[in-house]
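I would like the entire structure built from these sequences, with the hints used as guidance.
Protein chains: 2
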Amino acid sequence: MAIASSPSSLHSSLHSHSKTSITPRHSFSSSQGFVKILSRSDFCAVGRVCAGPLRFHANPIKVSASAAPVMDKPDSRVSTVVDVDLGTRSYPIYIGPGLLDEPDLLQRHVHGKRVLVVTNTTISPLYLDKVTKALTHGNESISVESVILPDGEQYKNMETLMKVFDKAIETRLDRRCTFVALGGGVIGDMCGFAAAAFLRGVNFIQIPTTLMAMVDSSVGGKTGINHPLGKNLIGAFYQPQCVLVDTDTLNTLPDRELASGIAEVVKYGLIRDAAFFEWLEKNMPALLARDPSALSYAIKRSCENKAEVVSLDEKESGLRATLNLGHTFGHAIETGAGYGQWLHGEAVAAGMVMAVDMSCRLGWIDETIRKRTLDILQQANLPITPPNMMTVDKFKNTIAVDKKVADGLLRLILLKGPLGNCVFTGDYDRNALDETLRAFCKS
Amino acid sequence: MAIASSPSSLHSSLHSHSKTSITPRHSFSSSQGFVKILSRSDFCAVGRVCAGPLRFHANPIKVSASAAPVMDKPDSRVSTVVDVDLGTRSYPIYIGPGLLDEPDLLQRHVHGKRVLVVTNTTISPLYLDKVTKALTHGNESISVESVILPDGEQYKNMETLMKVFDKAIETRLDRRCTFVALGGGVIGDMCGFAAAAFLRGVNFIQIPTTLMAMVDSSVGGKTGINHPLGKNLIGAFYQPQCVLVDTDTLNTLPDRELASGIAEVVKYGLIRDAAFFEWLEKNMPALLARDPSALSYAIKRSCENKAEVVSLDEKESGLRATLNLGHTFGHAIETGAGYGQWLHGEAVAAGMVMAVDMSCRLGWIDETIRKRTLDILQQANLPITPPNMMTVDKFKNTIAVDKKVADGLLRLILLKGPLGNCVFTGDYDRNALDETLRAFCKS
Ligand SMILES: NC(=O)c1ccc[n+]([C@@H]2O[C@H](COP(=O)([O-])OP(=O)(O)OC[C@H]3O[C@@H](n4cnc5c(N)ncnc54)[C@H](O)[C@@H]3O)[C@@H](O)[C@H]2O)c1
Ligand SMILES: NC(=O)c1ccc[n+]([C@@H]2O[C@H](COP(=O)([O-])OP(=O)(O)OC[C@H]3O[C@@H](n4cnc5c(N)ncnc54)[C@H](O)[C@@H]3O)[C@@H](O)[C@H]2O)c1
Ligand SMILES: [Zn+2]
Ligand SMILES: [Zn+2]
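Protein chains in written order, with the UniProt record's numbering: chain D, 1 to 443; chain X, 1 to 443.
Watch out, some of these pointers could steer you wrong.
Remember, identical chains collapse to one label, so a pair may be satisfied in a single copy or spanning two.
[Said to hold, decoys possible] In silico lysine-lysine, DSS-like type, Cα no more than 25 Å apart, as pairs: (1) Lys-163 - Lys-416; (2) Lys-167 - Lys-133; (3) Lys-371 - Lys-442; (4) Lys-396 - Lys-113; (5) Lys-130 - Lys-163; (6) Lys-394 - Lys-167.
Hint data in this document are derived by calculation from the structure and do not stem from the laboratory.
Written out as C-alpha cells, the structure reads:
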C-alpha cells in the first residue's frame, strides 16, 4: 500500500482535497450513487485538531504546492456519507455495504496508535476479527485491545462501565488512544460515555451493528448509562470522530431487533418527514425482507433527519426533544416491564401509538394519521399497546422522573397539524393524557 | 426584599447592567478595593441560556426602555471578582470574607427551583445550615436537598459518586436543578463530575472551603474521581456557574490542610509569576498566621494565574499542563503512599522539589531557584522529600500510567530560565530523571 512518507506530504494531499467537497452536506441523491473516498495517504496525521479530510486546520502547516495526492484506491466506494454539522465537532456518517472491508475509512479517524474496541459477547464472535483487521491492515504500528461486555440492556450500568475503565487503565492507554464502539445502542452509549470520561475525554468511533444504533443512537452524541430508577440518567454529550455503518452487519440481526430499529425510522416520518413516511408505507415489505437498497435509503434518510435536528439543537433545548416522540411513554414501559424485557424500539412503538392517540383526542391531528401509524407499525410487527402489567399509576410514577419534566410540568411530544408536524409542549388538556392512559391500561 | 415582578423587567435590569462592567476581566487592583455587586432583581430569570449579569442573550427579549433596575442592596460588597474567560462558559469567582452572608450572590446563579448541596460529614455541621440559609433567604420557592458523603480522598470514587446520583434521582431532580459543591477539592471534583453527568449536565456552583480548592481545584472545570490504579482518571471538563470563596470558612481549616493549599500557591509563583513568588517569600508568616488580607491576596493572585492559563488552554493541549508542576511525581507519591495518607499539596510540594531538582541537573535553572523553593516550602511546613517507601521503581511504575505520557513518551513540567518560567516537554536527558529519582529514593 502506498503511503506518503512525510507529514508534510500527508498534509499536502489533505489540503488539496479540502478544496473538493466529497461529502455533500445533504446527499439527497440516490442511495446508489457512489462517492469517491480518500485513501489513507490523504489523511492528516497531526491528531486531535484535525479529524478528517473535510476539516480545516486552525494553524495550517505550510506545504509545497507540488506535492500531489497519492491515491492507492481511487475506486473505493461509499454509497452515502451524511455529515453531522456541529462546528468543530462535526463528523461524517459513512453508510453502505462492505465498509468494514475498507480499512482506510476507519484508520483515517484513528488518533494515536492504540485502540480499545468495546463490544459484547454476541457481537465479538461475529465481527471483532473483521474490525481488528480493518483497524490494523497495512498499519502495523496500531495495536488493538478489546473489552467484551455481557450482552443486554440490564448491563448498561455503572458496574459494566467500570470494566471499560479497568481495561483502559490496566492496559495503560493514554490520552491519544481511540475507543471504538462495536455493537448496538447499548454498546454505543456505554462506550461513548466511557470515551467521554476516560482521562476526561478520548477519541471515539462508532461502528453500529443494529438498525436502532445506525438510525438513532449513533447519531447526535448522546451517551450514557441507566440508573436502577431510570434509563439514561447518567451520561454525557460526546461526539464521535466518525460513524461507520456497514449495512452487511445487519444480515445477522434477529428479526425482532430489526423491527425495533424500524420504530425509530417511522418516528422520523411522523415528526418531520411526510414524504419519508409515505415511502415507508410503500416499502415496509422490502425493509422487512432486508432489501439492501431499501435499508440503505431508510438509514440515510433517518440519519439526515436526525443529523439536521441535532445540528440545530445539540444540547436539547427544544427542537431535539421532538426526537423523543413516544419515548416518555416508551421509557415508562421499558422501566415498568424491567430492563431487557421490551426492546427499546418496541416500547417506542407502543409509546408513539399512545402519543398519536393523545394528539387525536386533543383534536390536533386527523384520525387518518392515527390509523396510518397503527397500520405501519403493525406491518412492521411492532407492538401497538403497552404490556398488560402497565397500569395508569405505573405510567404516572415513571413519567414523573422523566427528564422532560421541567419544574414539575410534564412536557410531551405530540403530533399537530398535517402528517410530519409535531410540537413539544406542556400546554395541553390533562384530561386527554388521562384518557389515553386509561384507554391503554387495563387498570 | 424587592423583586421585579415580570420577566421583562428582570430582563430590562439585566440589560441595563450589561453595559457596565462590574467584574473587570483582570482585577489586578488592590484586594481591598470594593466592587459593587448586583441585587437579585438584576438577575435574569430565563434559565440556562443566561448565566449571570454579564452574559448576553442569544435572542434578547425585547423590553420596555422605561423599566428601571430595582436595587435593594446597592452597597453589597465583594472585595474581589476574578473572571474566568471561556466564551459562553465564562464564570466569576467571588472572593472575600462574609460572602455566605450575601444570599443575592449565590441566588443569582441558581437556575430552577431545586438545589442539591453535596458536602461531607466534616463540613456539613460547620456550614450546611449557613449555605442552606443563603440559598433560601428571601426566596421561599427554592428547595434545598443535601447529600452528605464520607470524608476523605479514599471516597473520591465511583461508589461515592453513585450516592450523589441516587440522591438526585430519588428526590426526582430534573434538568433545571443546581448542584452546589460545599467542601474541599474532593467534594468539588466529585460534585462537578456528578453535575456533568446527571441527565448529561445540570447547573453547578462551587463553594470551596479549603485553600486548595479555593486556589486550584475550583478554578478551570476539571472534575472527576479516582480509579484504584490512579488518581482523577475518570471525569469531565465541566464549568460551574460561579465559584464563591468565603474566606471566613478557612478559620476552621486544620493547619496541615492550609499548608497543602499553600503548595499550589507557591506553584503559581514558580511557573509563571516571579513577583508573586517574591511576595510569598515575604508574606509566608502572615499566610501561616491566617492574616485575612494576606490570604485574600494570595487567593486572588492564584485564581488570576490559573484563570489566565485555563482561558488560554481549556482542554489542556499544552499550556494548561504547566499547572501540573510537581504533580507527576506528586501523584506517584499519593498513589504509592495510599490515597489519603499524604495530602495532595504535600505530595505536590515534594514533587515540585523533585522537578526543580531535575531542572537544576539539566542546567536549565540557577541553583538559587532550587534553594529558594526548598526554603519557601520548608517555611510553610511542607515536606520536601517523598516518603521512605517510595522507591525508584514505584515512581517509574506509577509515572507510566500518568496522563502526560503521550504515545509512551513521558513529558514533564520543568523550570527553565529565570524564576517564573517553565516548559512542558519530553525532550530532556533521561539521565537527569534517573539521577533525581535516585537522589530522592532510598532504593
Ligand atoms: N444515544 C442515543 O441517542 C440513543 C438513541 C436510541 C437508543 N439508545 C439506546 O440504545 C439502546 C438500544 O439499542 P439497540 O436496540 O441497538 O440494542 P442492543 O445494543 O442491546 O442490541 C440488540 C441486540 O442485538 C445484538 N446485536 C447487535 N448487533 C448485532 C448483529 N449485527 N448481529 C446479531 N446480533 C446483534 C446485541 O448483542 C443485542 O443482543 C438502548 O439502551 C437505548 O437507550 C440511545
Ligand atoms: N479539579 C482540579 O483542578 C483539582 C486541582 C487540585 C486538586 N484537586 C483535587 O482536590 C483534592 C484535594 O482537595 P483538598 O485539599 O481540598 O482536600 P479535601 O477536599 O479532602 O479537604 C481536606 C480536608 O479538610 C476538610 N475541610 C474542608 N473544608 C474545611 C473547613 N472549612 N474547615 C474544616 N475542615 C475542612 C475536609 O473535610 C477534608 O477532611 C484531591 O482529590 C485533588 O485531586 C483537583
Ligand atoms: Zn429511541
Ligand atoms: Zn494540584
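Going down the list of hints, with the structure as the test:
{"no.": "1", "hint": "Lys-163 - Lys-416", "result": "neither (45 Å within a copy, 41 Å between copies)"}
{"no.": "2", "hint": "Lys-167 - Lys-133", "result": "within (20 Å within a copy, 45 Å between copies)"}
{"no.": "3", "hint": "Lys-371 - Lys-442", "result": "within (22 Å within a copy, 81 Å between copies)"}
{"no.": "4", "hint": "Lys-396 - Lys-113", "result": "between (50 Å within a copy, 22 Å between copies)"}
{"no.": "5", "hint": "Lys-130 - Lys-163", "result": "within (23 Å within a copy, 41 Å between copies)"}
{"no.": "6", "hint": "Lys-394 - Lys-167", "result": "between (39 Å within a copy, 21 Å between copies)"}
Of the numbered hints stated above, the single one contradicted by the structure is hint 1.
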